[in-house]
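Participant: Sequence:
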Amino acid sequence: MIWLNPIYQSPNKDNGYDISDYQAINLEFGTMQDFDNLLAAAHARDIKIVMDLVVNHSSDLHKWFIESRSSKDNDRRDFYIWRDPVDGHEPNNWSSFFSGSAWKFDEKSGQYYLHLFAEGQPDLNWKK
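If you read the sequence shown in this note's numbering, its first letter stands for residue 1, the second for the next number, and so on.
Think of the hints as simulated: they come from the structure by calculation, not from any bench.
These figures come from a predicted structure and were not determined experimentally.
Any given hint could turn out to be false.
Calculated lysine-lysine pairs in the BS3-like style (CA-CA distance at most 27 Å, straight line) [said to hold, decoys possible]:
{"hint": "1", "residue 1": "Lys-104", "residue 2": "Lys-48"}
{"hint": "2", "residue 1": "Lys-72", "residue 2": "Lys-127"}
{"hint": "3", "residue 1": "Lys-128", "residue 2": "Lys-63"}
{"hint": "4", "residue 1": "Lys-128", "residue 2": "Lys-72"}
{"hint": "5", "residue 1": "Lys-13", "residue 2": "Lys-104"}
{"hint": "6", "residue 1": "Lys-108", "residue 2": "Lys-63"}
{"hint": "7", "residue 1": "Lys-48", "residue 2": "Lys-127"}
{"hint": "8", "residue 1": "Lys-72", "residue 2": "Lys-48"}
{"hint": "9", "residue 1": "Lys-104", "residue 2": "Lys-63"}
{"hint": "10", "residue 1": "Lys-108", "residue 2": "Lys-13"}
{"hint": "11", "residue 1": "Lys-104", "residue 2": "Lys-127"}
{"hint": "12", "residue 1": "Lys-108", "residue 2": "Lys-48"}
{"hint": "13", "residue 1": "Lys-108", "residue 2": "Lys-127"}
{"hint": "14", "residue 1": "Lys-108", "residue 2": "Lys-128"}
{"hint": "15", "residue 1": "Lys-104", "residue 2": "Lys-72"}
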């Protein structure tokens, strides 16, 4: 078995765990054709490939997040977790695994988005 850490398109601020396109290969690792060739070669040798798929969050450069933050009325707004400030501060005292608040204020929308990891990794909203 071969286990691949994230190989998807990413700004690579967190070793590829900040995915900006789940349907593209990061150019550092080659092309989709290169990946198809790897799969074929592995399967020909009865080797399985396991891919690390990040589903807690995306990159803040992912098109979903860019659209989500563009307007409170955007159809993709609820793809992420947005909250109003409470008394001019974060919605609660949750901490990021990377230190500091788990909330990042977005000037454009006037709301905070949740990021349990890095600020550039907004959490996806699995309740919607």
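Participant: Can the restraint linking Lys-72 and Lys-127 be considered satisfied, given a maximum Cα separation of 27 Å?
Facilitator: 17 Å, holds
Participant: Lys-108 and Lys-128 were given as a pair; does the straight-line alpha-carbon distance stay at or below 27 Å?
Facilitator: Given that 27 Å is the threshold and the Cα spacing comes to 23 Å, the pair holds.
Participant: Does Lys-72 sit within 27 Å of Lys-128, going by the straight-line distance between their CA atoms?
Facilitator: 15 Å, holds
Participant: Would you mind confirming whether the straight-line C-alpha gap from Lys-108 to Lys-127 stays at or under 27 Å?
Facilitator: 24 Å, holds
Participant: Just to be careful, I want the Cα atoms of Lys-104 and Lys-48 compared with a cutoff of 27 Å; is the pair within it?
Facilitator: 39 Å, violated
Participant: Assess, step by step, whether the Cα of Lys-128 is no farther than 27 Å from the Cα of Lys-63, and give holds or violated.
Facilitator: 18 Å, holds
Participant: Would you mind confirming whether the straight-line C-alpha gap from Lys-108 to Lys-13 stays at or under 27 Å?
Facilitator: 23 Å, holds
Participant: Verify the proposed pairing of Lys-72 with Lys-48, using a straight-line Cα cut of 27 Å.
Facilitator: 43 Å, violated
Participant: Hey, Lys-104 versus Lys-72, does the alpha-carbon distance stay inside 27 Å?
Facilitator: 16 Å, holds
Participant: For the pair supplied as a hint, Lys-48 and Lys-127, confirm whether the alpha-carbon distance does not exceed 27 Å.
Facilitator: 32 Å, violated
Participant: Is the straight-line distance between the alpha-carbon of Lys-104 and that of Lys-63 27 Å or less?
Facilitator: Holds: Lys-104 and Lys-63 sit about 18 Å apart, inside 27 Å.
Participant: Would you check the hint for Lys-13 and Lys-104, treating anything up to 27 Å between C-alpha atoms as holding?
Facilitator: 17 Å, holds
Of the numbered hints given earlier, the model fails hints 1, 7, 8, 12; all others are met.
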